[in-house]
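**Student:** Below, each chain spelled out in residue letters.
Protein chains: 2
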Amino acid sequence: MASLVEPRVLKGFRDFLPAAEIERRGLVERIEAVFRGFGFAPIDTPALEYAEILLGKGGGETEKQVYRFNDNGGRDVALRFDLTVPFARFVAEHRAELTFPFKRYHIAKVWRGENTQRGRYREFTQCDFDCIGSNSAAADFEILLMMKEALSAAGASGITIRLNHRGLFNRFLQTIDAASKSGEILRAVDKLAKIGRDEALKLLPSELDRGRAELIAGYVEIKGSWDEILDRMTEAAGGDNPDSQRLRTLRGFMLDLGIGDTFVIDPSISRGLDYYTGIVFETFLDGMPSIGSVCSGGRYDRLSGLYSKDGLSGVGSSIGLDRLLAALEAPGKTAKRETYAELAVICVDEGQGGICQRIAQRFRAAGIPTEVFFEAKKQGAQFAQAEKKGTRWALIPSAGASAKEDGAGGPVRLRDLGERCTGAELSVDAAVDFFKKLKNETGTREAY
Amino acid sequence: MASLVEPRVLKGFRDFLPAAEIERRGLVERIEAVFRGFGFAPIDTPALEYAEILLGKGGGETEKQVYRFNDNGGRDVALRFDLTVPFARFVAEHRAELTFPFKRYHIAKVWRGENTQRGRYREFTQCDFDCIGSNSAAADFEILLMMKEALSAAGASGITIRLNHRGLFNRFLQTIDAASKSGEILRAVDKLAKIGRDEALKLLPSELDRGRAELIAGYVEIKGSWDEILDRMTEAAGGDNPDSQRLRTLRGFMLDLGIGDTFVIDPSISRGLDYYTGIVFETFLDGMPSIGSVCSGGRYDRLSGLYSKDGLSGVGSSIGLDRLLAALEAPGKTAKRETYAELAVICVDEGQGGICQRIAQRFRAAGIPTEVFFEAKKQGAQFAQAEKKGTRWALIPSAGASAKEDGAGGPVRLRDLGERCTGAELSVDAAVDFFKKLKNETGTREAY
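One line per chain: the protein sequences are A and B, in this order.
Numbering-wise (this note's numbering), the first sequence opens with residue 220 and increments by one.
Numbering-wise (this note's numbering), the second sequence opens with residue 220 and increments by one.
Some clues are possibly wrong.
The list cannot tell twin chains apart, which means a pair is met if one copy fits it or any two copies do.
Computed list of lysine-lysine pairs in DSSO-like fashion (alpha-carbon distance at most 27 Å, straight line) [said to hold, decoys possible]: (1) K608 with K555; (2) K230 with K528; (3) K528 with K400; (4) K328 with K607; (5) K442 with K596; (6) K555 with K655; (7) K283 with K328; (8) K421 with K410; (9) K597 with K283; (10) K230 with K328; (11) K596 with K400; (12) K230 with K283.
No lab work stands behind these hints: they were computed from the structure.
Assemble the whole structure, with the sequences as input and the hints as a guide.
**Tutor:** Structural data, given as structure tokens:
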């Protein structure tokens, strides 16, 4: 026998034990149900791709964080570090097979060799949803509505989605003759909330004089009602134009649905990346602004531009699942459980292994997840174990039952582990009926 | 602009487009519902681990297939090549936090740099389910029953689970003084079905004389009813013993549930790996024996033996999802669709983007996945697109509706895209009621 290997995971990586995994799955399933409800379809792509596909021919800053290596065939490969780049490659490769507008979601793991000190993980889950091949305001609005619905389904009670338009900001920069520096300006504006006005102004390109720097600061600090802010932004951008019109249309759609309060127009939202060209947005939990944006995105013009000459226009958003989970867990509201089982069939005689499964199958067929206990330990110990795992009910078969003498395996008794009381003997049929009624009254605790 | 990069995936890797991914998800969800129904809980582990954890200190044959590299921090790491080894590490690491018997499932991707010529993939999905910390016959039986139930839920119509006992075979080898060569003998027996009796006999260790080789061949070829086969195996193994008794108990449990026909006792099932010590099993689709086993496993004694001195006993099985999917697809029975949406809201006026979402939200709230179309193309083209994606119904809003004049956004008309007929005008309320009734009558086509 070889000497022992210490069991441990890599720094920044995690195991998910049943209670944590059941909670994470529940969150994903609730979010996914919203995506599906809007007619968005799932796709999947490989975890491993050619490094050239993921990083472009240049490589650059991203590369330092990427798990990149040569495979056994000598290929230069890398683990995906986000879901956007593989999606761009996917669309370029399968363009002829897709129906446009193409509405897809992709919930999957990504890997980054980031510094783990700030509580970041090296393996984490992203939930991306995008609609490409339509430049309509209705597509922008759908993504915004889905963010609201998905976060609400996830259990985030109060959310605010902050919205801006990159094109409108660029028009403003043109009026002050600063459009050629828009990339650097956007990155400076992106830091404003974190480092404050004075520090952010210092990050502006040195070619900008004090007056124009102040104009930029003034623009991003516009305050007022939706209409007031939009009017002042429009004015600063040289008057009415398609971008201000887009924001006005989106505002109208929000009011049509009576959900105007969820959305705030905020000229300071910039999303640092050059990538975006239209609306941009970030989502904050009202009770926990410090956790930052849990869902962000925007409209872009040239998806797949690296792989084909005619990049596609689209709009999309991404939920940071781990950050959202951390936010939802913080108040300790979620009741953890280690199993989906709602009923445990107690073992009174190990020779009844078949009978107990036969009884359990009746409940499973009625939609009641049911665990069978195998070993004839003391009943109290079995009850305690079921309760510890989060199972509410126990079923106690009668000691002598066999398949031959009683096809149903009854009579049985039910115990409510929460109330710590055991009912009278009843037939398996009656016990199944009892659970069906219980389920109709209370609903099951979660989809399973 | 940099020159273009050719969009392509690595050899042996695949994209999943919506129709394929919806089908794959459906399969996983049906299987997972069975696991949950038995009280098995999900876990997750990292895709990337220390190479030493995955490969042991030796490395060896497996290593050639593994994606192994040094990360940016100089660590020797590898992508998991199965879910068993990470599970053993998981149990050793978290033993104090787990409730035993520990019943878990894990559905996840694994990576192997295998030769892709035989239609194998380098990235594929495994569905593992194990019960560890119990040596009872009921635990063995539960895994067998779950295999039957999971494959049945997956849509595999006729299945046969072939079952043997490794311990009983070893007892037989002892009676002919060949136990010391059991590893090589098992690997030869494992090939018998593929290469035939004569070739398999040649693979037996050279120390075995012709007489013992014939005895081994005779043992694995025992035929007859369950009881006859078990009696003859027991006799060849030197008489009644705990291993033959275990098979007899399992047979009794099968008969208790009236599912004896699903299970065949087959002394030629060996599962090449040294790992197994108790029952071993493979599952074949009655209509497609050529596809091989779609679900296999067995009982083992020393899970986590590499990481801790006291390995745990357990029993488990693994479904090869890609192979199963290929088998289910072969008859072309599955109706492909590219969306979960059952209803498409047609666009008659792009200014109605808010109204259309408002109408769609009513259906979504009633559990009807509903896609909104954005662009006011010809209605025929919109109908065709919805139908192509697999959506059965279309809703046509009235041209002039606005949120102000009619809170509900009605009246609307419904079109059955299958029957190509459009109904009379009705209110949104009435349309939602119509779908609720339809859903109660027909069920939804799939969980969403």
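**Student:** Does each hint hold? Answer for all of them.
**Tutor:** Now the hints, each set against the structure:
In this homomeric assembly, K608 and K555 come within 27 Å of each other (Cα to Cα) only inside a single copy, at 9 Å, whereas the closest approach across copies is 39 Å. Within a single copy, K230 and K528 get their C-alpha atoms only as close as 41 Å, which misses the 27 Å cut-off; across copies the closest is 25 Å, which meets it. Within a single copy, K528 and K400 get their C-alpha atoms as close as 25 Å, which meets the 27 Å cut-off; across copies the closest is 64 Å, which misses it. Neither within a single protomer nor between protomers do K328 and K607 lie at most 27 Å apart by alpha-carbon distance, with minima of 31 Å and 31 Å respectively.
For the homomeric pair K442 and K596, neither the shortest alpha-carbon distance inside one copy (68 Å) nor that between copies (39 Å) is at most 27 Å. For a Cα distance limit of 27 Å, the shortest separation of K555 from K655 inside one copy, 24 Å, qualifies, whereas the shortest one across copies, 33 Å, does not. Taking the shortest alpha-carbon separations for K283 and K328, both the intra-copy value of 19 Å and the inter-copy value of 25 Å come in at or below 27 Å. For the homomeric pair K421 and K410, the shortest alpha-carbon distance inside one copy (11 Å) is at most 27 Å, but the shortest distance between copies (73 Å) is not.
Proximity of K597 to K283 under the C-alpha cut-off of 27 Å is found in neither arrangement, the shortest distances being 57 Å within a copy and 50 Å between copies. Within a single copy, K230 and K328 get their C-alpha atoms as close as 16 Å, and across copies as close as 21 Å, so both meet the 27 Å cut-off. Within a single copy, K596 and K400 get their C-alpha atoms no closer than 74 Å, and across copies no closer than 39 Å, so neither meets the 27 Å cut-off. Taking the closest pair of Cα atoms, K230 and K283 come within 27 Å of each other both inside a single copy (17 Å) and across two copies (25 Å).
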